[in-house]
Each structure stands twice: as structure tokens, then as C-alpha cells.
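2 protein chains.
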Amino acid sequence: MAGKICFGIDVGGTTIKCGMFRTDGTVLDKWEIPTRTENGGEQILPDIAAAVHGRIQVNGFEEKQITGIGIGIPGPVRAGKVPVAVNLHWGEKDVAKELEALTGFPVRVANDANAAALGEMWKGAGEGRKNVIMITLGTGVGCGVIINEQIVEGANGAGGEVGHMHVSDDLDEPCNCGNKGCLEQFCSATGIARLARVSLAEHPETESVLRDGKPDAKAVFDAYKEGDALAESVVREFADLLGTALSSVAVVTDPEVIVIGGGVSKAGEVLTDIVGRYYRQKVFSSCAGTPVVLAKLGNDAGIYGAARMVI
Amino acid sequence: MAGKICFGIDVGGTTIKCGMFRTDGTVLDKWEIPTRTENGGEQILPDIAAAVHGRIQVNGFEEKQITGIGIGIPGPVRAGKVPVAVNLHWGEKDVAKELEALTGFPVRVANDANAAALGEMWKGAGEGRKNVIMITLGTGVGCGVIINEQIVEGANGAGGEVGHMHVSDDLDEPCNCGNKGCLEQFCSATGIARLARVSLAEHPETESVLRDGKPDAKAVFDAYKEGDALAESVVREFADLLGTALSSVAVVTDPEVIVIGGGVSKAGEVLTDIVGRYYRQKVFSSCAGTPVVLAKLGNDAGIYGAARMVI
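Same order as they appear, the protein sequences are chains A and B.
For what it's worth, the numbering used here labels the leading residue of the first sequence as -19, then goes sequentially.
For what it's worth, the numbering used here labels the leading residue of the second sequence as -19, then goes sequentially.
Hints in this document: simulated from the structure, not taken from any laboratory.
Ideal placement from N, C-alpha and C gives every residue a C-beta, glycine not left out.
Mixed in with the good hints, there may be bad ones.
Here are some of the chain B residues that sit facing chain A, going by a computed Cβ distance under 8 Å [unchecked claim]:
(1) ILE127
(2) SER228
(3) VAL232
Using the sequences and the hints given, assemble the complete structure.
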């Protein structure tokens, strides 16, 4: 087969998602391999190199057609290097250099949330835009900031660490990061479940379907859709905090679009509707028209964005 | 004289500051002309064009040596155009196109706070850095966000409108922007004076030197330096809000340095000390080492930054 191709790799704690792309964004092949974290995760990059070389052969490409490999990592990234990636059992690692040596191809490295944001900009909910914020509501809260089609990596690899924006002085529980009152403690799936537990305990007199079963983020949004009053108050608290945080992000970079992804976003447009409402209440008037929309690429955003980095 | 030169222009409501620079940043000439806002400010750009042409002749340069004119405007700017600039009595204006037609030189346009941030990056407190946040505490709160040596203009010209970050749900007075609870309502010179008035009224029993004379921002910081308890509580409230807001900015773009300028910054290092302390308490650990420093260029930051845009 003719034409230029590239690879987008999204490394997670249990699975490595891999994509082979034409440089126009067409997916040629998509597969997964397990993440071998044993022995300090020393097999992760060799496994990726082997997978890439294998697929080039299987698909009948020549090495000269490959523009490079983009790779997203669950951890901070600065100039191709990772200081630490807890979920991969990595300490300091020069990912770009090691994977280039293993494959012979140019390698670009990014934090996985940043790569996902670039993916949504390229072929997802931000297609056709150059300035995008993407927030990922999963176990934690990830965020990627794209300006002029480039990931904002930051001086310490902490660009887009919006999950650790300080949003409350009133929380005494510590966040995983060590601070107290981070956005992630309220607006991740875990945070929403916590808000629900607190609300159930504080209002023992209020009937709610959330008293039956596990009041996780999905249950909260399901109950909200059915008009459950307690779920509604939880969703309002969540949406106020997230909408306000997004309004703070907007007055810094003034994006063209704000994309919400991650497991929690499976709640659908009821989520973007209410978050968008609080966002518009709080934000500077010039940014009030900025759309708040659902992500489109799901779990593939990371491989798209990783591939985009080497185009 | 030989070598390439350029102009940096900073347009204010009463005065236009002008600078003639070598492209290495050496100032060759610096002067001011009045801002003629009558008749919808129609004379402003012709006055600038005349001033520029005059200085080229006076200083013995040739037109071919001029790389261009950078200009900072007190209002939003998007792609060289200004939708409205109240202080200049301008409605929509294609500043770049008009000034290019008047002068024959390339023109770049930016919001004045953004230009000042670029100036501090180039030759001020951010010299040698590429990623800078500058916050200007004057009558209002201005901010410029620089990433990879470029101004973040934003999709609506609202990049760096951090003065309108929502920081409080508890304020019922409206901001000039129409919202309530903007950073500017607390941390501008006007905001600090308001905090002082509120505090004096709420604590009639507390002795304070601020009860004598006008409790403006300068008086508050002077009293704070002398250990006045009420001034200290006002400064703490100010520093908590500003430090927290800067921590929110930091988790978006993760700058190398945060620069504080404007009239309020004349209070000196006591200001950056206490704002930095609250910043470090609230910010994500990766960004805790980011220095919070005083601006260096004073009122010249705008002309430096404007000039830098055409180099």
C-alpha cells in the first residue's frame, strides 16, 4: 500500500491501545496489547515496538512510509520524557529516546489526557477548530488544552491539570495529589459518588432511588433523568463546580469549544446542558457563546491524538 | 543608522506611548503623544502614523529598515481587528489594515495587557522564558498569557481575561463586565479599596490607621507594612483570592513564571511574598515551584511587547 502512515499509541494501566493511521486520519488498523507493568514496566516500550513492526509487515507497508509514532502516557510529560508514571510502574524515563532507539522512527510523547484533547480536535467534537479544551470525567478528572493545534504541555508537564484546580476551601478530605478541595474530588465519577453519599447522609428524610443500590455517578445521572430530587441537587452541585471551573479555564485561553468526555459523559446531553448552563452564568460575556459539547471519539480519542502529533 | 528597527505603540485613553527599537530590544527613542478621542477617535491612527514617519526621518533611518509596527489597544483584539474599544471611542475597527495603509509597514495588533505580558517576557521579569503569565493590578485587573513566546489571543479575543474570573458567589455588586464576583472586584486597586471600606465598616471597634484619610490600595499596603491589623486582614483576603486565581491559571497553562505588575505592584515584594504564599498553598504540587515575581518594565512593558510582535 502507498502513502504516508503513522501510529497512535495510548498506554493505560492494563491495556495499550494501538492505531495505525493514514496521515489524513483514516484508521487502517486498531488493536490492543496488555500492559506488562512487572519489573518496573520494562517491557512496555519493547512490546510497543514489536507490535508496530509486526503490523507494518502484516499490512504490507515499508518502513520509509512511516512518519512516526505518537504515544500518550498516564502521567506528566515534559519534552518527550516522563518523570514518573505510577500506573506503569515507571520512574524517570526518556520515552521518546528509548522508543526511537527501539523502532528507528520519530517518536512524540504526550500526557494521555492531552493526547485525547488533540484527538477530539482532529477528528472528534472539535474537528475544524484549532483551540480546544477537553475535560475527561473518569475515575479522576483529566484535561487537555490545545492552542493553535498544539498541546499546551507546560513548564512542568502540568498544562491542563485542571482536575487539581482548587475549587473549595470546605473539604477536609485529601485529594490523591495531597491538596484539599481539588475539582477532581467533586466532579470525577468518584467525586460525584462522594457528593451523593454526603447528600444522602445529610438529608435522611429525603426519599431517593439512590438509597437503593450503589449511588455511583451513573446511578446519580439515571436518577436525575427520572426527576429524583436528591439526584438533582447532587447534579446541580457538580454542574456548578464544573461549569465555574470551565469558566475559569475559558478566561485564560478562550477556546473555540469545550469538549466533555470520559465515562461520566455517557450520561449524554443532560450533562452538557446543565454544565453549559452554569458555565454561561459564570463566564466573561465574550466567552458565553463557546459551545460545551460531548466528546465523539470515546476511548479512541487517545490514539487519534497520539497519531496527530507525528503528522 | 544601519540595522533593522521597529516600533512599539501602547495606546491608552489619554496618552499614546511610542517606542523605536532595534530588533535586539535596544530602545532608540521613546516619546508620548496625546490620545485624541474626539470624533470617534478617528485621529488616533493617523496621529500614530505621522509620529512614526516623523521619527524615522528625525533619526535618519530609511523605510526599508523598518520591520513593522506593533500596537497595543485597551480592548479585545482578534486577528488584527478591534470589535470595540470604549476608552478610545472606537467601534469596530480593522486596526492592522488601517495602520498598514497609513504607514506602508506591516502592523501587528494586541490587547494592551497581552502586549505588556510579551514585553515582560522579552526584556522584563520573564526574560529568557517562553511561557509567562503577567497580571496587571491597576484600576482593573489585566492579564496576558504567553505560550511559546506567543500571545494567547483566544477565539473571542478574551485570552487572559483573568480579571473576570468568577471567584466569589457572595458579592452582590456588579462588575463593569456585568457579572458578579469577578477577580477584578477584589484584587484591582479599586477592589482593594472596596475590601478596606467593607472591613472598616464591619469592624467599627478595630483601630486602624486606615480610618484616617482615604483607604486606597496604597494606604492599605502602607498600613500592612506597618503592622496594622485591619490592613493585614484586607491584604490576606486579597492575597488569598489572587493566589488562588493564579493557581487556577497555573493548572491550565503551567507557566515558567508569574509576573505581577500595575500600580498596586508598587507595594513591592511584600505583595509577591504574600500572594506567592497563598498561591503555593492552593496550587497543584508540580507548579508550586513557579516563581511569583514583580514586573520590571513598569509603564514601558506595553511598548516593548508591541515591538516584540513585529520581530
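Going down the list of hints, with the structure as the test:
1. ILE127: Result: holds, 6 Å to nearest chain A Cβ.
2. SER228: With Cβ-Cβ at 5 Å, under 8 Å, it holds.
3. VAL232: Since chain A brings a Cβ to about 5 Å from VAL232 of chain B, closer than 8 Å, the hint holds.
Violated hints: none; the structure is consistent with every hint.
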